[in-house]
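Respectively, the protein sequence lines represent chains L and G.
What the first sequence shows, in our numbering, is residues 3 to 141, in sequence order.
What the second sequence shows, in our numbering, is residues 9 to 502, in sequence order.
Treat the hints loosely; a few may be bogus.
Said to hold, decoys possible - Not everything, but these chain G residues come out facing chain L in the computed CB check (under 10 Å):
| # | residue |
| --- | --- |
| 1 | 74 |
| 2 | 76 |
| 3 | 153 |
| 4 | 156 |
| 5 | 265 |
| 6 | 423 |
| 7 | 490 |
| 8 | 493 |
I should point out that these hints are in silico values taken from the structure, not numbers from a laboratory.
We put the CB at the ideal spot given by N, CA and C, even for glycine.
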Amino acid sequence: MWPALSPSFRRCVTAFGGFVLCAGLVLAGCERRPEPQPDILVEHEVTPDPPRVGPATVTLRVSDAAGQPVSGARISLEGNMSHAGMRPVFGEATELEPGRYQSALEFTMGGDWVVLVRLTLPDGRKIERELNVKGVKSG
Amino acid sequence: MSDRSDGPSSAPPRRPAPPPAVDLLRWPGVGRLLRWRHARTLLQIPLFAVAVLMIAHGWFGPSLAPKNLATTLTWVHFRGALVLVLLLAGNFFCMACPFMLPRNLARRFIRPRRNWPRFLRNKWLSLALFVLILFAYELFDLWASPWWTAWLIALYFLGALAVDGVFKHASFCKFVCPLGQFNFVASTVSPLEVKVRDLDVCTSCRTKDCIRGRREQPRSLVVLQRGCELALFQPRKVGNLDCTFCLDCVQACPHDNVGILSRMPAEELTVDPLRSGVGIFSRRRDLSALAVVFTFAALLNAFGMVSPVYALQGWLAGILHVQREAPVLGVIFVLALIVEPVLLLGAAGWLTVKWGGGRGALLPTVVRYSYALIPLGFGVWLGHYGFHFLTGLYTFIPVTQSALAGAAGWPILGEPLWSLTGLPERMVYPVELGLLGLGLLGSLLLTYRLAADDSATHPRRVFAAWAALCILLWASALWLLSQPMEMRGTFLGG
Chain L
3 MWPALSPSFR RCVTAFGGFV LCAGLVLAGC ERRPEPQPDI LVEHEVTPDP
53 PRVGPATVTL RVSDAAGQPV SGARISLEGN MSHAGMRPVF GEATELEPGR
103 YQSALEFTMG GDWVVLVRLT LPDGRKIERE LNVKGVKSG
Chain G
9 MSDRSDGPSS APPRRPAPPP AVDLLRWPGV GRLLRWRHAR TLLQIPLFAV
59 AVLMIAHGWF GPSLAPKNLA TTLTWVHFRG ALVLVLLLAG NFFCMACPFM
109 LPRNLARRFI RPRRNWPRFL RNKWLSLALF VLILFAYELF DLWASPWWTA
159 WLIALYFLGA LAVDGVFKHA SFCKFVCPLG QFNFVASTVS PLEVKVRDLD
209 VCTSCRTKDC IRGRREQPRS LVVLQRGCEL ALFQPRKVGN LDCTFCLDCV
259 QACPHDNVGI LSRMPAEELT VDPLRSGVGI FSRRRDLSAL AVVFTFAALL
309 NAFGMVSPVY ALQGWLAGIL HVQREAPVLG VIFVLALIVE PVLLLGAAGW
359 LTVKWGGGRG ALLPTVVRYS YALIPLGFGV WLGHYGFHFL TGLYTFIPVT
409 QSALAGAAGW PILGEPLWSL TGLPERMVYP VELGLLGLGL LGSLLLTYRL
459 AADDSATHPR RVFAAWAALC ILLWASALWL LSQPMEMRGT FLGG
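So that you can see chain G by itself, here it is in the shape it has in the complex:
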């Protein structure tokens, strides 16, 4: 990363001189809406209502996944829309997060007094929860179970309430929420960022309301406007990591100096300054692990839906002499998320150290380059979730028709049009390939930039090691997406 040689700096990072092409908050209509004090609540209310309906339908509605709102909206529409919005705009799903609505309501009546434990102020817990959700998805066939899907949503509400009911600030978002971590990592390649318009204005600012918030009186307990609950001090904030787009900083800034600005996607991954509320990327092993798991889990999650996974499961079950799925899945997860990354990144890192002239140790080198895999990982998530979203685009229509017909006793919206699905696979497959290619291109550009910074004499050699890794992962993803899908809930004797 280009700033690495200068070491961590306490000075605010330099911003490009020309003004950004887009400042969403200055757009007519949208900008005015987003600047409104209650904009976030307005966005959260419909998603909250939909989430409640999903829970209710999941618990009490049809048990068949394609007929149920919980499974259809969660596993087809929500995931796909999430990654597409992250690609095209930014972390707007965290902005409209329905789980925060009851939490914000609760915060009106209870005032948490505890700080999040110091030893948990990292991403390890949320990373473990992220893997746990992926594991549960495979083990309990969540895609096929409205009941379990509804419980997952309900537990999310309870978890957010419990954590933020006890601990101050946005502890749940920053340190616990696995979905949020996914969004944080993916949003590093988003084209929009909440950031300061003019740093000079911040330099002369005395109040720092964007981080401190505003109170009725200086020592009053009555908060008029929250500052950033995720400890991101705007003038020193770099990139989208840990930013929920809550826009508290926009509301708090007395100088109207914070906007939603356009930027070069993934540019934040090419620099390594001291980031407010985050620290220095190259020293954050937890963040690096999150980036690696984000990338390899994309492949693992896609692997779970093609037929070779059943052959592998059957083979492993034979070796382990087990008939239960959990230990077999456990072995696959360990292989895919620990053994494979350690071997592949270790080899690329070792070559980098060797060919780069011996600058730096192996682990810091791997940590630094690991962030360059994010675009590729995101490309795989996009390809996979985009496939389900686009091929099942219209399926929410008959499911909603059916749910309402069931509730009212007569077809309010007409008889369910079950033949409505989405775009044909032959149209979606090229889109998948394009997204995957875009991810590969992003990762190659990032690794080349890092290699050029690292080795003045042999940048191409260093680049070759990481490029080979990226191409290997891309080829694996390509193979996975070209496999016929085989969505099975059973693998032994199924």
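Bound-form chain L, shown alone:
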């Protein structure tokens, strides 16, 4: 015989589900994420290509919807491995020419990296982009 669910049990299950939902809403509902800014295009290039463990250079081209370079942005980079628990690496980009920025970054371990690019535009808007740098070689 299959067990019958008592009303009390249903209440418990509902309360459990509610708890999970509330915790999720608390943690996620207020999670502040920079809004996607489709009018800003960020293209990237990583050298050496293919990437290897050690010093690397990340070059970014930032342009607006009309394709015009965006000059005067402040850009910081944070590189993380796809696995939790690894040391992140950081970099600050400098503008080489209008809309073209460059930052040094050190890949400390082989594998897949995700580089978070945080831009503060000249008009004060803040945007964030994720760049996937896959398959950084160990050797």
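Chain L is fixed; fit chain G onto it per the hints.
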């Protein structure tokens, strides 16, 4: 195993005469806390709350694994703390298991009437689930996916509720839970064990509450105190296998005769008596398979994080003419968990039979010696998970800061300190080597003991076969841990 020649015995196994050095339940403070009726619930509540937060953050939080509590706590902290506690103490994670909290709550309202099917009363199902989780870990890159990690935790809760909502006793823990089986096997080398203090007290005991539990009236359905739900009768319980440290037996014993006692780690693997709720090790092929998979999966799991695995995957993909990862991974799993153990243990077993004077057949010999690999396997798990735990020790701090800042809208605990990670690799590597060496030493001692029992004339020859196997596996692990780590989610064209 030394008792083998006497055959299985129904008499309680003899215990060493001198009292154990440690009885955790008699320690001031800790002992009193653990003896408290609600101690287990007290330990489960914080882990349950953390598990719920992990699920919520995994589903709704940042998608980047290093920024998410689900992936950080599961794959860095939980696994590492688990193996270290197993090494230094015992199966305390099963004791504090958060998955059992909703299950225990549900058991207040529903009374399962079914017994676990007889044909599933073994470790084959849980062994298959253990391999399935390891396979899913590689296939879906669980380490990199908060969303999938959260689903894994949620499914664990649902699985425990569903199984124990339908079937009586602790069916989920004993026959289904893959994590529990890992803990059971690893806890055979733990220094603490829940066991009887004085067997003479048990001999005179009439009620056997430790297994039967206590009811309001003899035939009443109202249970005042559960007995062991995993069918471990304390006076005949040997070792930690299948013991969740739930301490129901401690609560049930009317004579206060069950403690958490110290012992020689892995000593239980040198004897082969009839074990209550378990049977005889040398006749349990499912347990033997679990021990073998436990050992070889430790190597496979570590192999998955170094660069040569991608070369192997690429080579296999070329041979098989496939572009999908699943069939390639499937071949690697079959090779590592079936073909390799069959060949290596088969060869060592064959030499044992040949050099040992022809005593015993090949399969029973392999089954019996397979348990001796557990310390080595545990050493590899310790080295691998210990590495992640120690090198990422402090990463939960910025992730928690970030999660709370996201939830509250302002940095309650300050701006996340993302540069906080853990101990430097140069400090952790010697620890890894030490743990690996400890595992090898344990396995060598066990195999020597078995060889000495098996062959009075040529124990060294028999030992040499198994020692060679242990050293080969140890050298493989050493090579793996010395490889530069390359944590990749993509392998073809990635």
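- Violated hints, by number in ascending order, as checked against the structure: The structure breaks hints 4, 5, 6, 7; every other hint is satisfied.
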